[in-house]
Amino acid sequence: MRLTPDAWIFWQYGFFKLNATIVFTWALMTVLVLGAALITRRLATGHQRSRWQNLLEIVVTAIVGQINDVGLQQPHRYLSFLGTLFLFIAAAALATVIPGYEPPTASLSTTVALALCVLVAVPLFGIWGQGLAGYLKSYMQPTPIMLPFNLISEASRTLALAVRLFGNMMSGAMIIAILLSITPFVFPIVMTLLGLLTGMVQAYIFTILAAVYIAAATRRSKAANAPSSTPDT
Amino acid sequence: MLIDWFTVGAQLLNFLILVWLMKRFLYQPVLDAIASREAKIAAELKDAADTKAKAHQQQDEFERKNQAFDEQRDALLSKATEEANAQRLRLLAEARQAAEAASVARAKALVTEKQRLHAEIVRRTQRQVYDISRRVLGDLASVSLEQRACEVFIQRLQALEGTTLDALTAALKSTTEGESALVRSAFRLPDAQRASIQAALNELLGQPLTLTFESDPELVTGIELSAKGVKLAWSIAEYLDALAASLKKPLLTTERA
Numbered sequence: 001m002r003l004t005p006d007a008w009i010f011w012q013y014g015f016f017k018l019n020a021t022i023v024f025t026w027a028l029m030t031v032l033v034l035g036a037a038l039i040t041r042r043l044a045t046g047h048q049r050s051r052w053q054n055l056l057e058i059v060v061t062a063i064v065g066q067i068n069d070v071g072l073q074q075p076h077r078y079l080s081f082l083g084t085l086f087l088f089i090a091a092a093a094l095a096t097v098i099p100g101y102e103p104p105t106a107s108l109s110t111t112v113a114l115a116l117c118v119l120v121a122v123p124l125f126g127i128w129g130q131g132l133a134g135y136l137k138s139y140m141q142p143t144p145i146m147l148p149f150n151l152i153s154e155a156s157r158t159l160a161l162a163v164r165l166f167g168n169m170m171s172g173a174m175i176i177a178i179l180l181s182i183t184p185f186v187f188p189i190v191m192t193l194l195g196l197l198t199g200m201v202q203a204y205i206f207t208i209l210a211a212v213y214i215a216a217a218t219r220r221s222k223a224a225n226a227p228s229s230t231p232d233t
Numbered sequence: 001m002l003i004d005w006f007t008v009g010a011q012l013l014n015f016l017i018l019v020w021l022m023k024r025f026l027y028q029p030v031l032d033a034i035a036s037r038e039a040k041i042a043a044e045l046k047d048a049a050d051t052k053a054k055a056h057q058q059q060d061e062f063e064r065k066n067q068a069f070d071e072q073r074d075a076l077l078s079k080a081t082e083e084a085n086a087q088r089l090r091l092l093a094e095a096r097q098a099a100e101a102a103s104v105a106r107a108k109a110l111v112t113e114k115q116r117l118h119a120e121i122v123r124r125t126q127r128q129v130y131d132i133s134r135r136v137l138g139d140l141a142s143v144s145l146e147q148r149a150c151e152v153f154i155q156r157l158q159a160l161e162g163t164t165l166d167a168l169t170a171a172l173k174s175t176t177e178g179e180s181a182l183v184r185s186a187f188r189l190p191d192a193q194r195a196s197i198q199a200a201l202n203e204l205l206g207q208p209l210t211l212t213f214e215s216d217p218e219l220v221t222g223i224e225l226s227a228k229g230v231k232l233a234w235s236i237a238e239y240l241d242a243l244a245a246s247l248k249k250p251l252l253t254t255e256r257a
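Protein chains in written order, with this note's numbering: chain A, 1 to 233; chain B, 1 to 257.
No lab work stands behind these hints: they were computed from the structure.
Some hints here could point you the wrong way.
[Unchecked claim] Here are some, though not all, of the chain A residues that point toward chain B, as calculated from beta-carbon distances under 8 Å: (1) L87; (2) A113; (3) L114; (4) I145.
Ideal Cβ placement from N, Cα and C applies to all residues, glycine included.
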């Protein structure tokens, strides 16, 4: 039994390898991009539109709404990153209904990669919005003593993101695999349904947490800038 | 080791590529479509608002025109009513005038008819009186009315005096051959009567006189001598005038009563 799809290697040449994680990620990417391209090839701008277009619009506007609810003022700026996070993780979880498939998110390598993306994206969005100095200042709030704790917080929450998603997805896949070997009927189906629910919840949690981190970085820098700007004026 | 760093790097790259692809093929087109639709809806709403405003404007204009039309119609109606009233009064006046004119014409026609009738009655009465008198005279005295009339005319001629006589004498004397004195009678005078009248006039003037005799049935019974505008006549009409006067008296008395 494989704990992670990384262990399922199709081809290897020294450091380079083609494992199931990468292959299934490519498959998911192909399906997502091709589906989106096919549907958005002929988008109607009038009152009449196709059901697929309606579906995409509902998904996109729902993500925009969620980002907005978290407190980000310009949701379109973060849509590509946060929306893709959600869709990728959700699609990876939904595809578990296909026999023989293993979700790439059940690989700690994938979740670490995604968490690293968030780790980089949070300061990037913070700097993009508020400037480098403003963002760096936020690490010394409320006092410079808090700098190491803030840095530890950044690292720990990135690790938490990665491990949380990996644990949930891996455990779901593991439970289904174990149950299939013990009771091949009924229970695996129930657990698959539960796994779908867990996968969707995890996609939502991962995305919302990333959004909250970005929002927190933006807001913190705003709060740090506000008092200093007042005496200057 | 659960973490394979090559896979981490590959997945990181995959994710970044996916972000770009999804932005290119999903978010941007969908957001553009939504924005385009919103713009279109906004434009349609603006169009609708414009159309509504235009419709309101047209409605106001229509109502204004309608009011103006009503006022114009009322004015025309009142004008037409006034004209009709004036026309009615004019026609009534004309009709009244025509009726009065007709009444006057009728009254005039009645008067004319009355006069004509009166003249006819007079003429017939004369004729009747003449016939009766002639018959009575013929029956009682064996004298013809014409003869007696001639005698009476001669007597009246002889009884003339004063200015009447002078005027007649002067007129008779001034007659000439071409313009002789004229004796007109209702009947043709017999030669004996003609000679009597000639003799009486010769005697009156003291010289012979040229006379012309004519008969005129319109005179009814009577003889008339005329010369140079002077006339001496006797006819039954004088009696009839007296008769008419005597008949009118009781009639007038009755009307007054």
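Consistency of the hints with the structure:
no., hint, verdict
1, L87, "holds (7 Å)"
2, A113, "holds (4 Å)"
3, L114, "holds (6 Å)"
4, I145, "violated (33 Å)"
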